[in-house]
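Student: What follows is each chain in one-letter form.
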Amino acid sequence: MRNLAKSSAPVLSLAFVAGLAFWAYPEAGAPARQIGIVLGWIGCGMLLASLFLVLREPRLATLLGGLENMYGWHHRLGMAAYVALLAHPLLLAAASLPKSPREAWLLLSPFSESWPVWTGWLSLILLMAGLGVTFATRLRYLIRRPIHAALGLAVSIGLVHLLLLGIDEPVAPILLASFALLAWRLLREDWGVGASPYVVRSVARVSPNAVEVSLAPLGDPIAAEPGQFALVAFQSGRRFKGCREFHPFTVSSNDGAAGFRIAVKALGDCTRRIQSIEPGVPARVEGAFGDFLADPAPAPQYWIAGGIGITPFMALLRSGRLKRPTTLIYLYRSESDALFVDELHTIAANQSNVRLLHRATGDDPIDPADVLPVGEAIANGEFWLCGPPPMIDAFARFLRGRGIANRRMHFEDFGPL
Amino acid sequence: MRNIYFVSTAAFWILIGGLWLVGLSAPKTLAETDAPVRKSYSLTEVAAHASPTDCWMAIHGKVYDVTGYLPDHPSRPEVIESWCGKEASVAYDTKTKGRRHSDDADRQLEGYWIGDLK
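Going line by line, the protein sequences match chains A and B.
Quick note on numbering: the first sequence equals residues 1 to 417 in our numbering.
Quick note on numbering: the second sequence equals residues 1001 to 1118 in our numbering.
Think of the hints as simulated: they come from the structure by calculation, not from any bench.
Every value quoted in this text rests on a predicted model; they were computed, and no experiment measured them.
Restricting the straight-line Cα-Cα distance to at most 16 Å, the calculated cross-link-like pairs of lysine to aspartate or glutamate (EDC-like) are:
#, chain 1, residue 1, chain 2, residue 2
1, A, Lys323, A, Asp295
2, A, Lys99, B, Asp1072
3, B, Lys1062, B, Glu1045
4, A, Lys241, A, Asp269
5, A, Lys99, B, Glu1110
6, B, Lys1086, B, Asp1054
7, A, Lys99, B, Asp1065
8, A, Lys323, A, Glu382
9, B, Lys1062, B, Asp1106
Kindly generate the complete structure, drawing on both the sequences and the hints.
Tutor: Given below as structure tokens:
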């Protein structure tokens, strides 16, 4: 089921794009021109599908294999669309080259006073800039993000380019669809119109650089399961200066009708500010998303957590819904980076099917052989890993070396969404 | 993905630059040279070329054989094909709600000029 949902995002996107290409395939003309036209439509279709995949709606995310899966395909489709759209004008010009090189250049020349050509260029340049800043990782996220959003504008201008060429069918409905998708994302999700109102009920310090924030719903609560994450935008309180934009936080406890909790480690500007958040601060919440820890196989469970990566496991342990024998291996750099250790000891003492192993690793990379049991003990296990990417990579490599199949390993890394 | 972006962007600009150089150094079209007008045609003669496989049009006193251009026209084929064999100045000047074709289109059209209208 999980795999079916994950493949539905690319399958549906590619079916839409293939349909568009089939419809637009020109019957006559030079082959380069035919391919150029089809690539233009393929690029347009892929950009539209890519735009659809940034909608953050919990039900849609479940159908399409999760938000991370959707964002992964958003990036792949966007990149493929860019390459197709770069090739589009070049092939159209190439088709005219044998007839007249001068005409081939005039077809694309931005110096010709032609709105169809100008809008085509503007759309391509915006795409180029929008993607360029995405890869310019040295630029601050707050600068990169709005420029990346300009890609949405590039889609609309590209469609206007088609309208100006006299191609109004089916461009007008596609243009409307692109505006609708952009407005949906901007209003409902970025501005939080569709988000649920919450308030910070209490704050507990769980390590020198992490707090656990308890959020109480002011309306209908979101359905947050252990292993899931929610997008939270904290607004300003009496002393606290809000972060405004939404950040993903893993649920550390589902408190039912009373709300849920998240653990926040000081990693960036916003999360550093949250360390001094106070009760009463209003927040907007979207979600919950993700299926980490859902549907465990009937096999011994191994949970491998690094640092703040203990959060999803904590939520499931606190829920008391553990059905399988579980070994929790919790690793952290130093004792000051360890979260919830006392509570973990209490849970392990009270739940007979939980075995706890925790260790401070220091600055050196951990050798998985030091903490994982040997031989038969892990051969039939199912593994859930959450923590920094280097730690996850080291364990995944080690487990593959021990013959553990990929389908028995599940990852939740804290990459940017 | 970063590599795909940089390689494709660089290749695009190199090819655009190449096309620009080739385009500028290419010989001018018939209309841009001082070549004399070869013939004059009446509207009756133009009307004899009214099919997509043999398509002449009279636009602003000049006659064009646009048969070779038809597959390249961006709109749906019937939009331009319905003007084959006709005086098409009005259609040319009202591409969209009163807006004429671009200067670029003018330059392209000159490449298909075969004579003047009698």
